[in-house]
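J.: With chain S fixed as given, assemble chain C onto it according to the hints.
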Amino acid sequence: MKKLLALFRRSNLDSELNEELDAHLEMAVADNQRKGMSTQEARRAALASLGGVAAARETHREARGLPPLETLLQDVKFSLRTLRRDAGMAVFAILISGLGVGACATVFSVVHTLLMRDPLPGMDRLVWMQNNTGPGLSARTTQVGYLQEVQRSAKSFSEAAGFFAFYSLGDLKLTGTGEPERLTGVPVTGNFFRVLGVETQLGRQFTAEEAQVNGPRAVIMGHAFWKTRMNSDPGVIGRTLTLNEQPVTVVGVLPAYFDFAAIFAPGQKIDVFVPFPLAEQTNRFGNTLSLVARLNPGVTAPAAHAEMEVSARRWRDEHKNWNDFVPRVISMRDYISGNIRGAMMLLSGAVGLVMLIVCANLSNLLLARANARQKEIAIRAALGAGRGRLIRQMLVESSLLSGAGALFGLVLAVGATRFLASLDAKVPMLAQVTLDWTAVAFTIAVAALTGIGFGFVPALRGSMMELQSAMKAGDRGSSAGREHARIRGTLVVSEVALACLLLVGTGLLIRSFLRVLDVNLGFQPEHALAVRIDPGRRFPNISERNAYYRTALENVKAQTGIEAAGLTDVLPLGTNRSWGSGNVGKTYERGKYPLAYVRIVSDGYFKSMGIALIAGRDFGPGDTPSSERAIIINETMAKRQWPGENPIGQKVRADGERVVVGIVHDVRHLALEQDGGSEMYIPMWQTTDFPLADLVVRGNLAQRDMEAAIRGQLRAQDPTLPVTVFRTLQGIVDRSVSPRRLIVMLLATFAGFAVILASLGIYGVISYSVTQRKKEMGIRMALGASGGAIRLEVLLQTLRLAAIGLGLGLAASWTLTRMIAGMLFGIEPGDPMTFGGALLMLASVALLAGFVPAQRASQLNPVEALRTE
Amino acid sequence: MVWGYHMNKMELLQGTLDVMVLQTLSTMGSLHGYGIARRIEQVSGNQVMLNQGTIYASLVRLQQRGWISAKWGTSENKRKAKFYTITRAGAKQLAADAAYWQRLTGVMERVFAVPAEES
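For the record, the sequence lines run as chains S and C. As numbered in the numbering used here, the first sequence has no gaps in its residue numbers, which increase by one up to the final residue, 870. As numbered in the numbering used here, the second sequence has no gaps in its residue numbers, which increase by one up to the final residue, 369.
One chain only, chain S, in its complex shape:
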């Protein structure tokens, strides 16, 4: 306490001490004079035996005040002053360590959220059960009856639930609360939230009655919908909404932490949940459910899988008329992050490389600075600075640098994580990404250790050297200087190698991305819009329904600037469903019956999508309920089911018997990277089996004008029709490549950063060596060496460094890129173009970085160069 007070009473104490020292000196001088010294001599001797007034004051202060705190303030002030003098270096060090910390903290936060955080309570006991009878959603979902069997007899699960996977965006029409609007509602089994472990925040879950066919109509709101549309109104429970022209009671609101879309439908916006009954009626829908289940204590996912595999065989035999069921049980964790894990590992590796480069560069920078400062430190030591004091000051300086870098990195990471969470990319849990403080702390520690290791240790060594030699030799030729130069050379070589590795990896993924974008989609996404136009009510009969859609279609087509319009129930790259599609008159073994993705479309659809007709005819207004039942198939289906024959005129069993009237081009509707398999198109006018209708319009108007024209026509026809959400086909395509784009974007940023850092590292080392060799070069130029020769020599020195780094980097890439083979599309991991490009790019960047100092060296004035030392 006394010491603390002393800090504040400092000036008072100082003046007292001064007075005391004055008295001391006066008495000493008087004594000395008495011994016969002259006044001057007496004073000098008195000062000498006191050991200097300043030193006495300093030891006095150290003894009485809080020395660490007080000197710390002084050290901070001093460090700020020296850093300001060296502002370029300081800013640069802060920038690179900040960028490194920011990148690392961001990626690790993403990885943590995507791979490690549990978005559901007790998630380690949750499993995802998927049907596995082929590609496409229809083959991945399960019939209601099987869920009921699981609920009745499965020993592995305490409870199983599911949701209706064929919900579509905007299924529910909300009216009576202002402008009619489409909501997205997911039908879930009554126990769905209970199985997930999610409690309602307000109200309750669905009751058993509500989960029955024709039970009381109830809806549970998602938290986001309640917050934005209901203004977080706690009195919403019990209120009635009009959904699809039916009154529905609000019974519950879900908590904020539960985000259905983030887990099950990344990038979508889910508003509400309605009950999906498990009954004979819904069993008849076929495969509809995605299943989740909670494991009993002590049961693992593989054990549950084994049980399901055996049970499924029995159930299939008991219910011969049901669809096939080949269950695959995986942990919820694997379901959420299984697909993205590889990419996340890649990103972690990349950002780790970036951090290594940052550390190498920081080290390089600080080593150069420590080198240059050895002389300064030696002088300060000679002037009486204590070693402890010097060390403390160095520590303060490196901490200031790393602290500022960390702060900058933190700001970057906060911004970057917000940005990533706001992207509605198709990556599970991405929307939930928040800054992970463990990652932040870890990366800041790494940067700080680098700062201390390379800024502080060399400086410390400097403070311990022989002062005389340090002051005399400066930094040239001293053994420490030579050693530093070697370390810095090694650092630059490793920077180049790491940058090369990153560049090759990124190059491969960029080229894959371009190949993906280059893929023949089978349709033309430009200049086309889609909007849902099913009115959300039942039509009394098929002809009234046909009339409604026919009028809408013709009205829109009649607008100027509209080239084509058509209707479909399934847009590419969204959900999909498949039906059996056997040739009429042919028998198939069980399990060999052909399946095809089915689309219910109107005439004009192929034209509006830009899907090419290969053979036969398009649908037309003549395809009516009373005309011949027609079907159009894609090329793959034609080849698979009629190899070497003409399919036109053949008959298919799909929604009754149908005659093949045309063949169209394949469409990449599952993913850009994936073949679409067999596809078939059924005329809308001839069937009732479709849940919704999307209007696809192609035109040469600007998007906004086109939207306005369509909206005007549809509103005039039906004022209660919500015509709010338009999607461009290009947007749909972009969304489907969004995970790939996200990863390529992040990697490209890292690679660019790495190349810049490596080039700066090269520049630093070469320009330092030019400064060191100024005298030698001056002599050689005086003896007749030309500037060009000197420049060539410096450039060759640069190339040597770069070549070693590139050699190592390319070798490492050659072995390591094999690990990302699974993420590549259309190119080999050893793609020579990519390797060559990386080599060329890094070599030219290195040359550029070396050219500046080389040019400076070639323009040396020999006389000046010799005189400067």
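For the record, the hints were derived by calculation from the structure and aren't laboratory data. Check the hints yourself; a few may be wrong.
Label pairs and their in silico Cβ distance ranges [as the list claims (entries may be wrong)]:
(1) S294/C to I780/S: 57 to 63 Å
(2) T83/S to K330/C: 40 to 46 Å
(3) A373/S to T355/C: 50 to 56 Å
(4) G37/S to S294/C: 22 to 28 Å
(5) R338/C to I392/S: 27 to 33 Å
(6) R338/C to E20/S: 25 to 31 Å
(7) E377/S to A348/C: 45 to 51 Å
(8) A363/C to D15/S: 46 to 52 Å
(9) R45/S to K330/C: 20 to 26 Å
(10) R338/C to A383/S: 44 to 50 Å
(11) S294/C to I392/S: 32 to 38 Å
(12) A363/C to T83/S: 51 to 57 Å
(13) A373/S to R338/C: 54 to 60 Å
(14) A49/S to K330/C: 23 to 29 Å
Lysine-lysine pairs mimicking DSS-like chemistry, simulated, CA-CA at most 30 Å apart [stated by the list, open to error]:
(15) K330/C to K36/S
(16) K36/S to K332/C
(17) K328/C to K36/S
Bear in mind the structure is a predicted one, so any value in this text is a computation, not a measurement. Glycine is no exception: its CB is placed at the ideal position from the N, C-alpha and C atoms.
T.: Frame of chain S, contents of chain C only:
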């Protein structure tokens, strides 16, 4: 070596200066800093390398521990100076320190008195 000078004089062991100051004040009564420094130099027969400035650090340390007290007064040549006096706690501490040093010197003497063994 960089850090010191007066190489031919004895360097003070850490902590001995405080004891010397206490002992001086105990025998001389009230004294100012210069007086203490001179006294220590005289008593040691000018054997000790005393950086007089360090006296003041020692004085402030002892003061903070409550072993000495200070008061402004007038010196013999009519100069305003700070005079230090040992306190009761200081006297107790000195007694403990003196016992310790006496034991230590006894031990050191015996250590050096052991003749070198033939080996």
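J.: Against each hint, give a clear statement of whether it holds in the structure.
T.: Verification of the hints:
1. S294/C to I780/S: 57 to 63 Å: For S294/C and I780/S the Cβ distance comes to about 60 Å; the hint holds.
2. T83/S to K330/C: 40 to 46 Å: Given range 40 to 46 Å: holds, Cβ gap about 41 Å.
3. A373/S to T355/C: 50 to 56 Å: Since A373/S and T355/C have Cβ atoms about 51 Å apart, the given range 50 to 56 Å holds.
4. G37/S to S294/C: 22 to 28 Å: Distance hint for G37/S, S294/C holds at roughly 23 Å.
5. R338/C to I392/S: 27 to 33 Å: violated, 41 Å
6. R338/C to E20/S: 25 to 31 Å: holds, 28 Å
7. E377/S to A348/C: 45 to 51 Å: Cβ of E377/S to Cβ of A348/C: about 47 Å, so the range 45 to 51 Å holds.
8. A363/C to D15/S: 46 to 52 Å: Once the Cβ atoms are compared, 50 Å apart, the range 46 to 52 Å for D15/S and A363/C holds.
9. R45/S to K330/C: 20 to 26 Å: Between R45/S and K330/C, where Cβ atoms are some 24 Å apart, the hint holds.
10. R338/C to A383/S: 44 to 50 Å: Since the Cβ atoms of R338/C and A383/S sit about 46 Å apart, the hinted range of 44 to 50 Å holds.
11. S294/C to I392/S: 32 to 38 Å: Since the Cβ atoms of S294/C and I392/S sit about 34 Å apart, the hinted range of 32 to 38 Å holds.
12. A363/C to T83/S: 51 to 57 Å: Given a distance of about 56 Å, which is inside 51 to 57 Å, the answer is holds.
13. A373/S to R338/C: 54 to 60 Å: holds, 58 Å
14. A49/S to K330/C: 23 to 29 Å: Given range 23 to 29 Å: holds, Cβ gap about 24 Å.
15. K330/C to K36/S: holds, 23 Å
16. K36/S to K332/C: holds, 25 Å
17. K328/C to K36/S: holds, 20 Å
Of the numbered hints listed earlier, the single one contradicted by the structure is hint 5.
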